[in-house]
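With the sequences and hints as input, model every part of the structure.
Single-letter residue listing:
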Amino acid sequence: MSEHGEGHKGAHARLKAMKSLEEILETAMSFEETAGAFYAALKDKVGKPLRELVGELALEEAEHYRLFKALRDNPDIAGQLSGGVQVPAEDHNFSKYILLPDLGSDPDDQAILQYALSREDAAARQYGDLAQTTPEGPVRDLFLFLAKEELEHKAELEKRYYELVHSGGV
Amino acid sequence: MRPENYRPVKHPPSHEYELYFGPNHPGIEGNYAIRVRLKGDVIIEAIADGGYLHRGFEKIMEERLWIQNVALVPRICVPDPVPMEETYSRAVEMIGGLEVPVRAQWIRVMLLEMSRICAHLFTFGGNAATIGLYTNMFWGVTMRDYFLDLFEEVTGARIYHMFITPGGVRRDLPEGFLGRLGNLLDELERRMPEFEDLFFESAVVINRASGIGIISQEQALSWGVTGPNLRACDLPIDLRRDDPYLVYPELEFDVVTVEGGDALARMMARRGEVIQSIRILRQIIARLPSIGGAIRSPLPNPLAWNLPVGEAYARTESSKGETAFYIVSDGGPRPYRVHVRGPSSMHAVQVLEKLLIGARIEDIAQIMFSLDACPPEVDR
Amino acid sequence: MSDIRPKYKGSLLRPMKALSFLFREPATLPMEPREATELYRGFHLNDWEKCIGCGTCGEICDNSAIRMVDIPGLPGDPAAGVKARRPAIDYGRCCWCALCVDICPTGSLSMSREYVHVSRDLDTYLILPDEAGMHGENFQKGWAKSEDSDLLDLTRRAMGELEAEARSDNFNEVTPGYDAQTALLEASRCIQCGMCHEACPAHMHAPEYIRAIWDGDMERAVGEIYRTNPFPHVCGRICTHRCETACSIGRRGDPVAIRWLKRFAMDQVEPEKVQEIALKNGIAKSTGKKIAVIGAGPAGLTAAFDLAKLGHKVRVYEARPEPGGMMRYGIPEYRLPYDKLDADIEVIREAGVEIKCNMRLGEKENLQNLRKGNDAVLISTGMNLGRSTRIPGSDHPQVASAVDLLARITLGEDIKAPKRIAVIGGGNVAFDIARSMARLQRRQYGAVNMTVLALEERGAMLADEAEVTEAADEGIVLVNGRGPKQVKISNGALAGLETVKCLSIFDEEGRFHPRYDESDLVLHKVDMVIEAIGQMSDTSWLGDDLTEALEWRRGRIAVDDDGRTSENWLWAAGDLVQGPDVIHAVAAGHKAAASIHSAVAAKKGAVK
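Chains as they are written, first to last, in the working numbering: chain G, 1 to 170; chain L, 171 to 550; chain A, 551 to 1158.
What the hints contain is simulated information worked out from the structure, not anything from laboratory work. Quantities reported herein were computed from a predicted structural model and do not represent experimental measurements. Each residue gets a CB set at the ideal place from its N, CA and C atoms; glycine is no exception.
Distance ranges between label pairs, derived from CB positions:
(1) Pro478(L) with Pro887(A): 34 to 44 Å
(2) His224(L) with Glu681(A): 36 to 46 Å
(3) Ser467(L) with Ala630(A): 31 to 41 Å
(4) Ser467(L) with Lys600(A): 22 to 32 Å
(5) Asp1110(A) with Gly226(L): 56 to 66 Å
(6) Thr674(A) with Asp319(L): 21 to 31 Å
(7) His224(L) with Ala630(A): 45 to 55 Å
(8) Gly832(A) with Ser467(L): 45 to 55 Å
Cross-link-like lysine-lysine pairs, in silico, DSS-like; alpha carbons within 27 Å at most:
(9) Lys159(G) with Lys45(G)
(10) Lys48(G) with Lys914(A)
(11) Lys966(A) with Lys1075(A)
(12) Lys1051(A) with Lys1075(A)
(13) Lys600(A) with Lys695(A)
(14) Lys830(A) with Lys863(A)
(15) Lys1051(A) with Lys1038(A)
(16) Lys159(G) with Lys1051(A)
(17) Lys922(A) with Lys48(G)
Some chain A residues near chain G, calculated using beta-carbon distances under 7 Å:
(18) Arg937
(19) Phe1062
(20) His1063
(21) Ile1083
(22) Gly1084
(23) Thr1097
(24) Glu1098
(25) Trp1102
(26) Gly1105
Structure follows, in structure tokens:
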């Protein structure tokens, strides 16, 4: 996925070095922004039957971006976070078993969803790892919050994957 | 008014007059009436005039599913409803070839005998009231009510039990029921001497009831008299012994006969039958706990239950006489035709009309009650 | 015993003993109601949560005292067999026989120990019983549902089947069908509540045809069946029977075998007679309108049948050599014999439908021509491509798709079944291919080595229970709770399938969200892997222009409620719109036909 340049590689070091919640959020926002741009570009390349799906993925990334931005602009980030991370979502490692595909020039619906799933999975894993190595405090809470957000998005995508690929379980 | 009862108006001689007796008269059993022609206070002609309870049972039954009729039949005889349910169900079983589990047969006999006791107690009371002994009526109704409590326990209802269905019965007996039945029988036996004192051996009763409404043996047989009324003519005829059904062959009891054929004899025959029913129930209390198994054989979905083409006549010795159902099935989910042989249709019409001739007006009620007629059976 | 005639004894004072009653406890009762017995049949109680509004209580009521009342705001669920209505009882008619309680399919009705109601207001005698009781005083339950007095027949008559030895090396039909007596008994279990009718996507008149079977009138049954379904032989065998899911008898027992009864009725009537009954209303005078249907599956042929009966000229274009679609090329012959499918299709042909096979669009004919030459076009090409898991190694040539293989078996291709096969999937398609390939294995090697790997646990299988047990009888091994991880390949040959333990499939909210135990890895050594996880449609033949012009929804062609696409000349119906299922396809075919009929009727002039 590095070839699409949404920048998860080496992000660990970049995030680790950060001190303020605002800085972390800004980095997270930049990830979402890159992803949003990626889907927006993909939307023009795929055929019409897939455009709805890709468009929705782009919208969802944009929604995430807005969420993180609102959080960053909130004067009381730490206060907001403590509520948001009380029940961290659990990672069930589903996406590991979906091969992260090389999204070629003409991907189909299954490939796009598998790609999106791996993206969310990788992001969630990233934030989760960071939270584990961060001492307790607002920074750790923020990482947990970000991991939870990505996992929730992944769960939504999994549902869609099931409906599409397993065609109702026949 | 039934067509055969119609008589053109005759202008009577001046010393005769006509009295319409009933249907709201306290001396009439149920909603029933008798038109009597009197000379002084002696009856010279009596014409039974039923129809007040006509609800068209037989016809309605043709419109109802086999199972639905279970809810209808007990209404044909209010004081003694169990034989109606049992006989209907048995007729259906005969057509459909259904087996009734043994335990259910025992429960049915128990209910039949309990119902017989209830009916007789009710009749003692009514009979006493017709000659002015109201205390006895209260006692009879009281004792009957204790039995109704037991019916409620077993069947869920006091009068219209709707408990016996083709194939068996609807529930098994509740815990400890037979013990409570035994206690009640003890109580009834304790009370019987009091009934003797007040009623059966009372000078008033003996003097009023002796020689009233006499039926000879020949008359009884030719008029279709059955049940205690027949046995009061000293004729030992009892379907439980002569054409046994259910588990009666396994039970010991005497066929109670009384000489005389008059109102007193009929009263005494019933008294004797209560004693015999207690005897039968005691045997059931002893035997029933050892009889296990199902209480109902499986039925098809009652909404789609076609009985085979056929016909059956099932009869039961009820407290009134031979109660029977003649059912014809055309292979459908409902009876094609049902005929109910209510014993009272003989007792309350042809027998009563004849017995009243020559009797005095104050004996009308007594004669009718001594026959233990049940008007809905006439009007079914 | 004739000496009991009494003699007058004692004195006139003897009756005076009755005075002793003055000192005894009275037998009469106080005014307040006494406690009724445990079985008492008092006023009704009804558990609204359990009640499904089937109305059977009203059917059995011998006094017509029970009337079903629609309850505004109450949720109904036709698919689950719940109607938004509840029984109301008129105590002016009720005789407290409790037959309603004894027949109640759910056991929601019972009677309380309460028996006193006094009012001058007659309206208070008409009540809608609930759990609180007549006066909301929570009297205890009296007469309630009991096994002893249950009036329903809860046990389904078993369908026989060929012994495993007799069936597992051939494609003979597994189930022989009911005999007349069994069918009659099974039909007699129906209480005619109509839940099945509402649950069926095509709204088949199941109560009516079951009653006709019970009456022994098979021709009437066939007539009832053909009112809504031109694939009765097919649906009598392989329908997903939503009717049985909704069946009221199934609340406490086995649902009525509606599918087998339909099959029984169809098998009893001669094909010529079936045709006569199916077309008894005749074919309407020709309208001169022409309609093209693409794809001869259940949706397309149903629509074609309807349209032909309405007097339109219908031509069906089918890519494969024979019509039937997935019914022929997806469902194995041992479940649905081809002659039965042919019988259904013959009736459709008899109605005037012309079916042109071996006509793949884009080759001999194209959509633009069809558009020009017809008043309307319906596409019903189904979902006949298999989905792949796309796990590593799944592109190996020995990894096959179930739907491809099933079609090749029907086409009579000579298929070499390897000695050891694993099937990925837990639905009916997985079992169809496993059982078909196992038959080939047995033919070729005299032994079966077939493993079905399902993500689901045994109790939550998507496949029909009969499929699972019959497969086991045929020697197929089912392994539950395994998720595919990768296909192992060594030296270019397929070495096996590696699976991982699946802990759970759905999250608390019922979303697909499998959890795996990565430490639990198993390598299944097989020579071939068959994927049966899902299907998709091929819509590439529509062409870029039409693909761009059409509206799409969730990757499928978007249609309105009647099956019309965003292009006003084009309709779409069946699996390609709503996913795989025959009876849904039949229902969609009817809707599309009705919509096409009204659209072309409004059109002036005919296409030349």
